[in-house]
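Residue numbers (UniProt numbering): 1 to 181.
Do not rely on the hints blindly, as some may be mistaken.
What the hints assert, rightly or not - Below, computed lysine-lysine pairings styled on BS3-like, alpha-carbon distance capped at 25 angstroms:
no.	residue 1	residue 2
1	Lys109	Lys158
2	Lys126	Lys71
3	Lys129	Lys109
4	Lys65	Lys47
5	Lys158	Lys65
6	Lys47	Lys24
7	Lys78	Lys158
8	Lys109	Lys126
As the list claims (entries may be wrong) - Derived Cβ-Cβ restraints for the label pairs, each shown as a range:
no.	residue 1	residue 2	range
9	Ser22	Leu43	15 to 21 angstroms
10	Arg115	Ile177	26 to 32 angstroms
11	Ala42	Tyr103	44 to 50 angstroms
12	Ala167	His56	44 to 50 angstroms
Derived by calculation from the structure, the hints in this document are not laboratory data. Glycine included, each C-beta is placed from N, C-alpha and C at the ideal position.
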Amino acid sequence: MNGYERRMNIIEYLQNSDKAVSGKDLASLYRVSRQVIVQDIALLRAKDYDIVSTNHGYILNETKKVTRVFKVKHSDEKTQEELECIVDYGGIIEDVFIYHRRYGIVRAKMNIRSRNDIIHFLEDLKSGKSTYLKNVTSDYHYHTVSAPTETILDLIEKQLEEKGFIAQLQDYEPEDIKKSS
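Please construct the entire structure, taking both the sequences and the accompanying hints into account.
Okay, structure coming up:
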């Protein structure tokens, strides 16, 4: 495990802990010295993670959120599976948007965090006369996904790729569409 991976794991560990975690415990867990952990914490703080040192150990005050845009394509029947790939790995589906050659970016907020949110979303669509936004662009669409770490976003991307959901950007799409929020 390299330093970056260790620091991302430290963040995830602190986020999942319901109490302060000592530098000694982190050092033992990651098989490094306590001084390495102190340096890791300093680097994480420099990246705007709000880590507080107490006399009982480290606490992560606020969850830092990173985002990534995924371009995906699938049928209506695969919508639930696609969304579950994201939330099951700890991602939050912030929105869905399409890029239309004539209308540009058309976006809708989603804020889907759990399988329960997915069920409500799907039920809402079934109960009305609306259809999926992706149907305007032959099933191609984008999701802005947030997560506590880049590692989680990498896992989500890998899962989406394995399921065949990831789609490639086309020449006519703006280069910065993946940064669009």
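For each hint, the structure was consulted:
| no. | hint | verdict |
| --- | --- | --- |
| 1 | Lys109 with Lys158 | holds, 24 angstroms |
| 2 | Lys126 with Lys71 | holds, 24 angstroms |
| 3 | Lys129 with Lys109 | holds, 19 angstroms |
| 4 | Lys65 with Lys47 | holds, 11 angstroms |
| 5 | Lys158 with Lys65 | holds, 19 angstroms |
| 6 | Lys47 with Lys24 | holds, 22 angstroms |
| 7 | Lys78 with Lys158 | holds, 17 angstroms |
| 8 | Lys109 with Lys126 | holds, 18 angstroms |
| 9 | Ser22 with Leu43: 15 to 21 angstroms | holds, 18 angstroms |
| 10 | Arg115 with Ile177: 26 to 32 angstroms | holds, 28 angstroms |
| 11 | Ala42 with Tyr103: 44 to 50 angstroms | holds, 47 angstroms |
| 12 | Ala167 with His56: 44 to 50 angstroms | holds, 47 angstroms |
Checked against the numbered hints given earlier, the structure satisfies every one of them.
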